[in-house]
Amino acid sequence: MNSRASHLISKTLTYSALCLWAFVCLFPIYWTFTTAFKRAPDILRGNLVPWIDFIPDWIGWRSLGLSPDRIGVTSTVRDEFLLRFENSVIISLSAASLAIVLGAPAAYGLSRFRYKFGVMGNSDISFFFLSQMILPPVVLALPVLVLYQGLNMLDTRLGLIVIYTLSVLPIVIWIMQDQFGSIPNELEQAALVDGCTVWGAFFRIVVPLALPGMVAAFILSIVLCWNEYFFAALLTSTNATTLPVMVASQTSSQGVSWWTMAALAFAAILPLILVGIFLEKYIVKGLTAGAVK
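The opening residue of the sequence shown carries number 1 in the numbering used here; numbering runs sequentially from there.
These are calculated hints, taken from the structure and not from any lab test. Even glycine gets a Cβ: it sits at the ideal position worked out from N, Cα and C. Each hint can be trusted.
Pairwise CB distance ranges (calculated):
1. D194 to I277: 39 to 47 Å
2. R39 to S249: 20 to 28 Å
3. N227 to L192: 37 to 45 Å
4. V256 to W51: 22 to 30 Å
5. W51 to N152: 51 to 59 Å
6. Y115 to G255: 49 to 57 Å
7. M120 to I277: 39 to 47 Å
8. V193 to F23: 53 to 61 Å
9. R39 to A17: 33 to 41 Å
10. V119 to N152: 33 to 41 Å
Full structure from sequences and hints, please.
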């Protein structure tokens, strides 16, 4: 077998594997989108192809007041959906922004300075932050619930912003520490010689160079906060409920409203799809700059 044939076979196998993986990743989105237009018999039969297996209907979107024939009519369900959507946007953006503000300086300190707390050094501190990702959220359920009840933070946006910030902060520190570590120290030393303070060198030299990784960490934080369900269900009931909780609420003793759940789920993941499409170049820059290994 010559090298050209070998290269062709290798390329065919690679693209076949990529196509298979793309299908595995995209099929759940396709299934969710089509289910929002199915009636109960079509859902139970597993029909997948519109206009061939089933005739699409606005039943899922109509139940949310988002169908063309209901968009101009008053709908309490649509008002609830918009409130949950607003909560998700505000909470996710606020928590991700706060995590970047707190995590970037912490990661910079760990990558540039040496610390010693008893027997713990920089590597131990970094591992401590990273180990917080291993802790199951259910372990914190009771203490967080009691603490929030005492602070009157139950069913508030602020309560979720705080807990979400603490949840994604270890990831931000982990990503940004690796990003700062890829920037040569000589650039900051030159800035210090020219009269910059440590903070001046950080904001003028380091932050612009680390911006791609910072954006990648910010996007990842938004995705994690947007999709979080456990604490949103535990700490909210009416005012601060997010979209994942509303999606799960479609399951009741009467059964599952699959078409409504599918419409809600697709509406919930659509902003993340748009973020991935329009901010792809920033994610790629962050990955190739050493933000994630």
